[in-house]
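Protein chains: 6
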Amino acid sequence: MLLHLQTWSEVEAYLRRSTGIIMPIGSTEQHGPNGLIGTDAICAEVVGRSLGERVQALVAPTIAVGMAQHHLAFAGSMTLRPSTLIAVVRDMVASLAKHGFRRFYFVNGHGGNVATVTAAFSEIYAEASLGPGSNSPGIRCRLRNWWESEAVKRLSRETFGNAEGSHATPSEVSLTWHAHPEAVRHMKMEPEIAPMGEFADAADYRRAFPDGRIGSNPDLASPEMGARLLEATVGDLARDYADWMSRG
Amino acid sequence: MLLHLQTWSEVEAYLRRSTGIIMPIGSTEQHGPNGLIGTDAICAEVVGRSLGERVQALVAPTIAVGMAQHHLAFAGSMTLRPSTLIAVVRDMVASLAKHGFRRFYFVNGHGGNVATVTAAFSEIYAEASLGPGSNSPGIRCRLRNWWESEAVKRLSRETFGNAEGSHATPSEVSLTWHAHPEAVRHMKMEPEIAPMGEFADAADYRRAFPDGRIGSNPDLASPEMGARLLEATVGDLARDYADWMSRG
Amino acid sequence: MLLHLQTWSEVEAYLRRSTGIIMPIGSTEQHGPNGLIGTDAICAEVVGRSLGERVQALVAPTIAVGMAQHHLAFAGSMTLRPSTLIAVVRDMVASLAKHGFRRFYFVNGHGGNVATVTAAFSEIYAEASLGPGSNSPGIRCRLRNWWESEAVKRLSRETFGNAEGSHATPSEVSLTWHAHPEAVRHMKMEPEIAPMGEFADAADYRRAFPDGRIGSNPDLASPEMGARLLEATVGDLARDYADWMSRG
Amino acid sequence: MLLHLQTWSEVEAYLRRSTGIIMPIGSTEQHGPNGLIGTDAICAEVVGRSLGERVQALVAPTIAVGMAQHHLAFAGSMTLRPSTLIAVVRDMVASLAKHGFRRFYFVNGHGGNVATVTAAFSEIYAEASLGPGSNSPGIRCRLRNWWESEAVKRLSRETFGNAEGSHATPSEVSLTWHAHPEAVRHMKMEPEIAPMGEFADAADYRRAFPDGRIGSNPDLASPEMGARLLEATVGDLARDYADWMSRG
Amino acid sequence: MLLHLQTWSEVEAYLRRSTGIIMPIGSTEQHGPNGLIGTDAICAEVVGRSLGERVQALVAPTIAVGMAQHHLAFAGSMTLRPSTLIAVVRDMVASLAKHGFRRFYFVNGHGGNVATVTAAFSEIYAEASLGPGSNSPGIRCRLRNWWESEAVKRLSRETFGNAEGSHATPSEVSLTWHAHPEAVRHMKMEPEIAPMGEFADAADYRRAFPDGRIGSNPDLASPEMGARLLEATVGDLARDYADWMSRG
Amino acid sequence: MLLHLQTWSEVEAYLRRSTGIIMPIGSTEQHGPNGLIGTDAICAEVVGRSLGERVQALVAPTIAVGMAQHHLAFAGSMTLRPSTLIAVVRDMVASLAKHGFRRFYFVNGHGGNVATVTAAFSEIYAEASLGPGSNSPGIRCRLRNWWESEAVKRLSRETFGNAEGSHATPSEVSLTWHAHPEAVRHMKMEPEIAPMGEFADAADYRRAFPDGRIGSNPDLASPEMGARLLEATVGDLARDYADWMSRG
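For the record, the sequence lines run as chains A, B, C, D, E and F. In terms of the working numbering, the first sequence has 198 at position 198, counting the first letter as 1, and numbering is strictly consecutive. In terms of the working numbering, the second sequence has 30 at position 30, counting the first letter as 1, and numbering is strictly consecutive. In terms of the working numbering, the third sequence has 17 at position 17, counting the first letter as 1, and numbering is strictly consecutive. In terms of the working numbering, the fourth sequence has 86 at position 86, counting the first letter as 1, and numbering is strictly consecutive. In terms of the working numbering, the fifth sequence has 157 at position 157, counting the first letter as 1, and numbering is strictly consecutive. In terms of the working numbering, the sixth sequence has 22 at position 22, counting the first letter as 1, and numbering is strictly consecutive.
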């Protein structure tokens with residue numbers, strides 16, 4: 001159910017039965033010693049697409065570069081400034097709203113996107129509120145982080161305990177290895193579990209977390225666990241999506 | 001310790017002993033049948049100033065209008081678009097950074113500001129990361145919501161239980177009544193406890209919450225409780241501020 | 001009559017009798033050896049609020065940080081870029097226009113704001129002129145500098161003569177001392193009357209006016225004079241506001 | 001001495017003896033029943049170029065479209081939004097500053113430009129103040145309205161008295177007729193002297209001033225008077241320019 | 001050689017041998033009766049990735065939504081405004097430049113992107129030219145349209161002749177069918193060859209080209225031809241990339 | 001038929017017979033050892049005005065500063081950033097559209113403008129497509145480069161052969177000499193024909209083309225040739241304009 005693989009008349013047909021669309025959004029940034037730079041985009045995409053199959057909803061192209069300025073001290077990391085990402089989300093939603101889409105369900109793969117994407121929703125709503133009358137009444141946007149599904153949190157806790165951490169986690173690495181088995185790279189972490197803590201800008205981040213991980217041991221990851229996490233989150237998200245779409 | 005009540009040479013003297021400054025940020029928006037439109041700005045200001053006294057830190061002028069597009073269907077509510085608020089935070093921080101301030105401690109009075117102010121911090125950091133070398137190395141910004149102090153949450157829970165809700169709460173109304181005793185307005189709420197739920201844009205908010213409250217009974221508020229909440233949050237924030245400033 | 005101290009239903013009631021609102025705008029910037037950094041915001045706020053009482057009009061929250069880039073070489077001074085301040089004024093007016101406000105009476109405390117706020121009015125009007133039809137027909141904005149009231153100019157001239165100058169004037173210092181008696185700080189000025197002249201950017205300003213004053217001797221200020229100046233300007237502005245509101 | 005008619009190596013040679021440049025800025029907007037839409041651009045250009053000859057300074061291309069939103073209810077009027085004009089001025093100054101120009105002398109033909117161009121200067125200065133160190137230290141911008149030269153005001157007062165008004169004045173029409181004798185169009189005005197007054201947006205302007213004039217009788221214009229006004233303003237501006245350039 | 005499938009230390013290693021990176025950019029827009037909405041993104045991605053393998057260069061994540069406002073009258077089409085796309089390209093390049101990348105080779109799948117991406121390059125260069133000294137000296141950007149390789153043009157001409165057209169061409173459809181064999185959808189076109197012509201905005205486009213095609217008969221496409229076209233363009237682009245990277 | 005030399009009521013009369021307007025756009029940038037910095041603005045203006053006479057269409061004021069960042073390493077060159085130029089084009093078109101103009105025929109004098117002006121058209125169309133319904137239905141913009149008229153290309157090829165080159169060409173220099181005979185400056189070029197090649201930013205351009213020319217020998221120019229080129233391009237453009245205006 002990928003928008004990319006439809007013709008325009010197929011999208012017209014879809015719109016006669018649903019105005020909802022799934023919008024995967026990830027990031028392109030370092031994920032520790034053995035995690036892929038595309039981890040967050042890969043996770044958002046694989047979850048978003050599986051969810052689309054499950055609920056028979058269209059899935060828009062993945063926003064692969066998100067807000068990741070705090071990772072810029074590690075090679076390969078990319079960011080959009082928050083103001084740029086707000087404009088991207090606004091234009092993508094406005095384009096689809098023109099065709100009749102009304103419910104935009106963002107499946108997010110990166111914690112650093114949450115603030116900016118939430119601000120983008122407000123920017124969209126504010127244009128309607130402050131402007132000359134809403135042109136697309138009833139637009140609703142929702143953001144869901146795949147790793148905050150209850151089933152995922154339970155599974156992560158049981159499997160990885162306090163080695164889950166909050167960046168370059170074994171859970172997200174597992175999910176990317178499930179999606180890209182050729183990317184499995186086991187590697188002894190030193191220290192085994194990375195430090196936790198706060199950070200300000202990119203230079204500060206690198207000082208605090210020299211190999212990029214926060215609080216995690218991604219060497220515990222496995223493709224099998226990735227498959228289970230995917231199933232867990234898609235189940236939860238499918239219920240959430242169906243519930244949301246069913247409301248007036 | 002208000003910046004507004006200093007001379008420029010007094011600020012120079014302050015900077016020789018500290019590079020920290022407290023930045024209160026609130027909002028101007030409806031707060032239910034008996035809550036003041038200025039509730040969030042009043043709370044941020046009174047907490048920020050009390051904190052400034054406690055930790056002997058300068059306090060910048062309060063940002064009184066925040067991101068409140070979802071309240072625009074109620075008369076008197078004002079918002080800055082997220083993109084505008086980002087620019088405001090960026091310029092205020094850049095101005096003060098020019099003088100040598102490096103630690104910006106935002107005391108927030110409004111949940112709706114969190115995403116945008118967090119995005120603003122990233123915009124500031126991204127300018128340094130992406131630009132021609134940081135002009136103000138070591139800028140750090142922190143956002144703290146006064147109502148999320150542990151002591152406040154405990155007190156609110158014990159006193160108001162499930163009537164606290166999440167907008168036009170008896171806690172924030174109490175705090176404004178403590179600051180403005182002339183504003184005390186008791187009023188029977190109907191229903192006693194407002195509904196909970198989600199919302200998208202301003203029209204949707206008003207449909208879901210017709211008198212503006214979410215999940216709360218603000219008639220339980222009292223000036224006395226406001227005084228206790230103020231003491232509670234300032235105690236927690238003072239420890240947090242001191243701890244943050246003491247780090248390298 | 002502060003917007004901040006109203007409930008939303010009180011604002012609805014107000015709008016049934018008037019569509020006018022007073023918008024105080026000041027600045028946060030150095031005001032010479034003994035003047036407060038908040039001078040311009042304090043003056044705008046105290047004048048705006050007194051005017052609101054006099055004419056029974058609502059008063060919006062004060063814009064405390066204005067356009068003051070030329071003061072940035074003195075510690076504690078803050079500025080919004082003109083483009084940021086334009087966005088702030090635009091969003092505040094648009095928010096209030098949504099509720100039915102139509103006449104925006106800006107009470108200004110800072111000469112450096114005049115150009116940018118005037119440009120902001122044009123930006124607002126241009127959006128209506130160039131866009132898809134005005135959403136808020138009849139919006140009118142007016143800017144008044146409190147110190148340019150005829151009564152104020154007469155009083156300043158009689159009392160301070162050529163020691164009034166144009167920045168850190170005894171008049172504005174008097175007004176802040178009336179509002180904040182605890183801030184009275186007498187101090188021998190050297191030279192007694194500061195130099196006059198032009199300036200370009202902040203560095204140029206500091207070169208030309210090393211202690212921040214332009215052409216003034218603020219040591220002549222007194223709280224009593226502040227009270228008289230307040231009465232003088234409020235009288236003039238009240239007539240101007242009433243006249244403006246009475247026009248078709 | 002038009003920049004347009006130089007080669008790049010001639011500009012290099014000029015920069016070895018002066019870092020000053022004249023920047024004419026006008027507007028494209030209605031000028032009453034017989035005034036040209038290009039009046040303000042023509043005036044700025046003819047004055048700027050004559051001044052350039054007089055003081056042997058380079059003259060940049062005229063900014064022909066300025067800030068004229070209030071004239072948009074009359075056919076042919078054009079405006080840049082203030083935010084656009086600020087960007088134009090900023091980019092033009094930045095381009096020339098790269099080559100070594102440091103003093104930018106704007107000769108203005110339109111009152112409506114004053115606020116926005118003044119704000120643009122502050123935007124330029126603020127980028128230097130707030131950014132990573134000035135890249136072009138010593139940039140100074142000055143704005144002069146040709147019609148506010150003392151000699152011009154004297155001449156206008158003596159010749160046109162209270163028929164000068166403030167828009168579509170006989171003085172500016174005279175100057176355009178001197179520059180474009182083929183454009184002389186005498187026409188009986190009705191009323192002879194247009195009304196004075198205030199205005200808000202473009203619709204309001206047209207209501208108040210139905211034929212576009214404010215307070216003037218442009219039928220009193222003559223090419224001869226245009227020649228005298230040109231001589232008068234160029235004399236005053238030449239002294240002002242020389243004085244400004246001679247300062248440290 | 002996908003950036004997404006590297007770790008950050010692998011990118012560091014890559015940068016020791018090359019500063020070049022391939023940037024695929026496509027579009028998400030209607031492609032006629034049987035063409036996929038993702039045609040241009042698919043083409044840019046498959047070409048960019050094959051090229052990356054051939055020349056052993058890293059490939060950044062594909063920009064999947066480009067500038068396609070003229071297709072917005074067909075369901076499913078998405079666009080970024082030119083100003084948004086400029087910001088996206090600027091931020092992506094700036095992020096990678098921070099790590100040491102200097103040569104950005106954009107492989108483009110959509111004619112509608114050319115103007116905006118070219119403008120984005122100038123925006124990037126202008127920031128360096130106008131700002132306080134280049135932070136990333138030597139940044140060079142190049143844009144290549146895969147379908148304008150000589151070998152591709154020859155092959156298209158020989159195979160499809162005047163049925164190639166300029167939108168929803170049999171060449172691009174062939175390439176997508178090669179990449180997605182499951183998407184092959186033969187369909188009789190009516191008329192067989194679509195009309196040619198010009199267009200302005202989206203409504204005008206749909207009036208002129210009712211089924212979305214311009215001048216083409218995409219039913220002539222085949223996966224086999226897609227494979228040949230891919231080989232043809234990658235051969236040409238590989239030579240061009242190598243030549244470009246070898247220059248000083 | 002210059003807009004500048006009309007009154008507003010004459011423009012009203014014009015709009016009753018035509019909604020088309022000619023928009024000359026040039027540039028202010030180095031043109032080699034003997035070419036004028038204003039070459040592109042002069043060419044666009046003289047061609048645009050001659051075309052206006054020929055087809056009896058109004059001609060807007062010339063945009064004299066375009067997108068020329070790549071020339072900024074040569075003294076006197078000026079640029080607008082692409083984002084600024086997009087805003088300028090957008091505001092000028094929106095202003096005229098308000099009066100009823102619908103067809104905007106840009107006569108371009110500078111290759112470096114093409115991408116940005118084309119992007120500006122898309123920005124204009126996108127505002128209509130994405131916004132709350134078009135406020136000016138039927139706006140159409142067209143860009144024509146005067147030197148790409150068939151007649152001009154033939155004449156240039158016959159006369160200058162491979163000495164035409166692509167910047168500071170004998171053709172454009174001829175046209176400026178025709179318009180400004182006082183500017184004729186013959187000068188032996190060294191080398192006779194400048195090198196061809198590519199360039200990235202301004203520094204790179206100067207390295208590759210040390211005297212500013214690309215592939216040309218402008219010493220072959222003559223005023224007579226300028227007159228013939230003008231006649232050639234105006235003939236072609238007049239047919240193109242008439243044809244375009246005649247379409248539905």
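By construction, these hints were calculated from the structure, which means they are not laboratory data. Being a predicted model, the structure only gives us computed values, none of them experimental. Don't be surprised by glycine CBs; every beta carbon is placed ideally from N, CA and C. Careful: at least some of the hints might be erroneous.
Pairwise CB distance ranges, derived in the manner of DEER restraints [what the hints assert, rightly or not]: (1) Glu148(C) <-> Asp243(F): 36 to 46 Å; (2) Ser166(A) <-> Lys188(B): 41 to 51 Å; (3) Met196(A) <-> Gly248(D): 24 to 34 Å; (4) Trp244(F) <-> Glu150(E): 38 to 48 Å; (5) Ser18(D) <-> Ala151(C): 13 to 23 Å; (6) Ala13(E) <-> Ile193(A): 23 to 33 Å.
Evaluated hints:
no., hint, verdict
1, Glu148(C) <-> Asp243(F): 36 to 46 Å, "violated, 59 Å"
2, Ser166(A) <-> Lys188(B): 41 to 51 Å, "holds, 46 Å"
3, Met196(A) <-> Gly248(D): 24 to 34 Å, "violated, 57 Å"
4, Trp244(F) <-> Glu150(E): 38 to 48 Å, "violated, 33 Å"
5, Ser18(D) <-> Ala151(C): 13 to 23 Å, "violated, 47 Å"
6, Ala13(E) <-> Ile193(A): 23 to 33 Å, "holds, 26 Å"
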